[in-house]
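Its first residue numbered 1, the sequence shown is counted upward by one per residue in the working numbering.
You may find that some hints are simply not true.
Pairwise CB distance ranges (calculated) [what the hints assert, rightly or not]:
1) Ala68 <-> Gly225: 34 to 40 Å
2) Ile127 <-> Ala226: 17 to 23 Å
3) Ser49 <-> Val253: 23 to 29 Å
4) Pro74 <-> Arg205: 48 to 54 Å
5) Met128 <-> Arg50: 22 to 28 Å
6) Phe132 <-> Pro237: 20 to 26 Å
7) Gln94 <-> Gln214: 48 to 54 Å
8) Pro121 <-> Lys207: 39 to 45 Å
9) Arg76 <-> Gly160: 42 to 48 Å
10) Arg50 <-> Ile127: 22 to 28 Å
11) Pro203 <-> Ala223: 29 to 35 Å
Calculated lysine to any residue pairs in the SDA-like style (CA-CA distance at most 20 Å, straight line) [said to hold, decoys possible]:
12) Lys207 <-> Arg177
13) Lys207 <-> Gly178
14) Lys207 <-> His137
15) Lys207 <-> Thr142
16) Lys207 <-> Trp172
17) Lys207 <-> Thr236
18) Lys207 <-> Ser158
19) Lys207 <-> Pro97
20) Lys207 <-> Ile104
21) Lys207 <-> Ser235
22) Lys207 <-> Pro102
23) Lys207 <-> His135
24) Lys207 <-> Asp101
25) Lys207 <-> Glu159
26) Lys207 <-> Phe140
27) Lys207 <-> Glu246
28) Lys207 <-> Pro136
29) Lys207 <-> Arg138
30) Lys207 <-> Arg254
31) Lys207 <-> Phe103
32) Lys207 <-> Leu105
33) Lys207 <-> Gly139
34) Lys207 <-> Gly176
Everything labelled a hint here was simulated from the structure, so no lab data went into it.
Computed from a predicted model, the values in this text were never measured in an experiment.
Beta carbons are placed, not taken as given, at the ideal position from N, Cα and C, and that holds for glycine.
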Amino acid sequence: SSLSGGRSHARAPRHARAPRHTAVRSTRQMIALAVFLPCFTPRAATSISRPTRLPVWPAWQGVALGVASQLPGPFRSWADRLEDAFGGRVAPIQFDPREADPFILLVHHRHAFRPLDFLRPLFSAAIMPEGFPAHPHRGFETVTYVLPGRAGLVHRDSEGCRMRYGDGAVQWMTAGRGMLHEEMWDTDASVDAELYQLWVNLPPRSKLVPPRVQLLLPSTAPAGGAAAQVQREGSTPVRTGRVIDEVSADGAVRVRGIARPPAEEEAAAATT
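Please model the complete structure; the sequences and the hints are all you need to start from.
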């Protein structure tokens, strides 16, 4: 199944096999989830739906886009294009565990933090800060992919880790037995922020593993560069790696992967 710009999602049949590894595929205006399986089996979509969009960052702009998307005629497509260009909404996509296990939730964020937005300080002080203050996670993982050229997040957690990442980087956080973490928008990096965050359930045997954080840099980004920085290690050292970046022979499709099958992972490790 695929997810296009956070706008709709297709459900696979219930008999479909649960994936073991995931990859994020990126083109100019599309994010798709792909699975590594021993063989590829085409699956037809059973339903297509449009996820709810919540107005935030900036909320006033998100409200205007929400109203426009409910009007008849071409207004919905115009609102979608304005969201791509200027932000202002978040689209959470809740999965049915009977159909999508181990995937729990996918959230698409598209926001803008403009210095001349006169409502921004008021909203941040009185309604909602620019990010997500400390909150608990337990028993699952979050995989956060920041689109290239966009600002991402500043992360802190109860294990003592602090990092910032954006511009094509991926953070893979395993909450395991439990941790507190904070995600605040990196407004110093850029005005425009956009990312996808996928929640992945852990199997019972891994529910109480120690928390850990992994950071994957874009294939062309220098270590310690602007795309991602580990500012402080926690109780468990941050494992770093590279996003797998491949382009089709005709150049029409670019694939960014964040996981390999076990055999390929072992081969890659043996050559580094």
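How the hints compare with the structure:
The beta-carbon spacing between Ala68 and Gly225, approximately 38 Å, falls within the hinted interval of 34 to 40 Å. For the hinted restraint 17 to 23 Å between Ile127 and Ala226, the CB-CB distance of approximately 30 Å leaves it violated. Checked against the hint of 23 to 29 Å, the pair Ser49 and Val253 passes, with Cβ atoms roughly 26 Å apart. In this structure, Pro74 and Arg205 meet the distance hint of 48 to 54 Å, their C-beta atoms being roughly 51 Å apart.
Between Met128 and Arg50 the beta carbons are some 24 Å apart, a value that agrees with the proposed interval 22 to 28 Å. Evaluation of the 20 to 26 Å hint for Phe132 and Pro237 yields a pass: the beta carbon distance comes to about 24 Å. In this structure the supplied range 48 to 54 Å is violated for Gln94 paired with Gln214, their Cβ-Cβ distance being about 25 Å. A beta carbon spacing of about 41 Å between Pro121 and Lys207 agrees with the range 39 to 45 Å that was offered as a hint.
Range check, Arg76 to Gly160: Cβ separation about 46 Å, and the 42 to 48 Å hint holds. Hint check: Arg50 to Ile127, Cβ distance near 26 Å, so the stated range 22 to 28 Å holds. Look at Pro203 against Ala223: about 32 Å separates their beta carbons, and that is inside 29 to 35 Å. Between Lys207 and Arg177 the alpha-carbon distance is near 6 Å, which keeps this suggested pair within the 20 Å criterion.
The hinted pair formed by Lys207 and Gly178 meets the criterion: a straight-line CA distance of about 9 Å does not exceed 20 Å. Between Lys207 and His137, the direct Cα distance comes to roughly 11 Å. Compliance with the 20 Å bound is thereby established for this hinted pair. For the proposed pair Lys207 and Thr142, the alpha carbon gap of about 14 Å is at most 20 Å, so the pair holds. Our distance criterion of 20 Å between C-alpha atoms is met by Lys207 and Trp172, whose separation comes to about 16 Å.
Distance hint between Lys207 and Thr236 is fulfilled; the C-alpha atoms sit about 17 Å from each other, no more than 20 Å. A threshold of 20 Å between alpha carbons decides the hint, and for Lys207 with Ser158 the separation of about 18 Å falls inside it, so the pair holds. For the given pair, Lys207 sits about 17 Å from Pro97 by alpha-carbon distance, which is consistent with the 20 Å threshold. Using a Cα cut-off of 20 Å, the hinted pair Lys207 and Ile104 holds, with the two alpha carbons roughly 15 Å apart.
About 19 Å separates the Cα atoms of Lys207 and Ser235, which keeps this hinted pair within 20 Å; it holds. This hinted pair checks out: Lys207 and Pro102 have alpha carbons roughly 13 Å apart, not beyond 20 Å. Between Lys207 and His135 the alpha-carbon distance is near 18 Å, which keeps this suggested pair within the 20 Å criterion. With a CA separation close to 15 Å, the supplied pair Lys207 and Asp101 stays within the 20 Å bound.
Simply put, Lys207 and Glu159 have alpha-carbon atoms about 17 Å apart, close enough for the 20 Å limit, and the pair holds. Of the pairs offered as hints, the one joining Lys207 and Phe140 holds, with about 7 Å between alpha carbons and a cut-off of 20 Å not exceeded. Of the supplied pair hints, the one linking Lys207 and Glu246 is violated, its CA atoms being roughly 33 Å apart against a limit of 20 Å. At roughly 14 Å between alpha-carbon atoms, Lys207 and Pro136 fall within 20 Å of each other, so this suggested pair holds.
For the hint linking Lys207 to Arg138, the alpha-carbon distance of about 8 Å falls within 20 Å, and the restraint holds. Only pairs whose Cα atoms come within 20 Å are accepted, and Lys207 paired with Arg254 is rejected, the gap being roughly 34 Å. At most 20 Å may separate the alpha-carbon atoms for a hinted pair to count; Lys207 and Phe103 meet this at roughly 15 Å. The hinted pair formed by Lys207 and Leu105 meets the criterion: a straight-line CA distance of about 17 Å does not exceed 20 Å.
Among the hinted pairs, Lys207 with Gly139 is consistent with the structure: their alpha-carbon atoms are about 5 Å apart, no more than 20 Å. A distance of roughly 5 Å separates the Cα atoms of Lys207 and Gly176; the hinted pair therefore holds under the 20 Å criterion.
Consistency note: the structure conflicts with the earlier hints numbered 2, 7, 27, 30.
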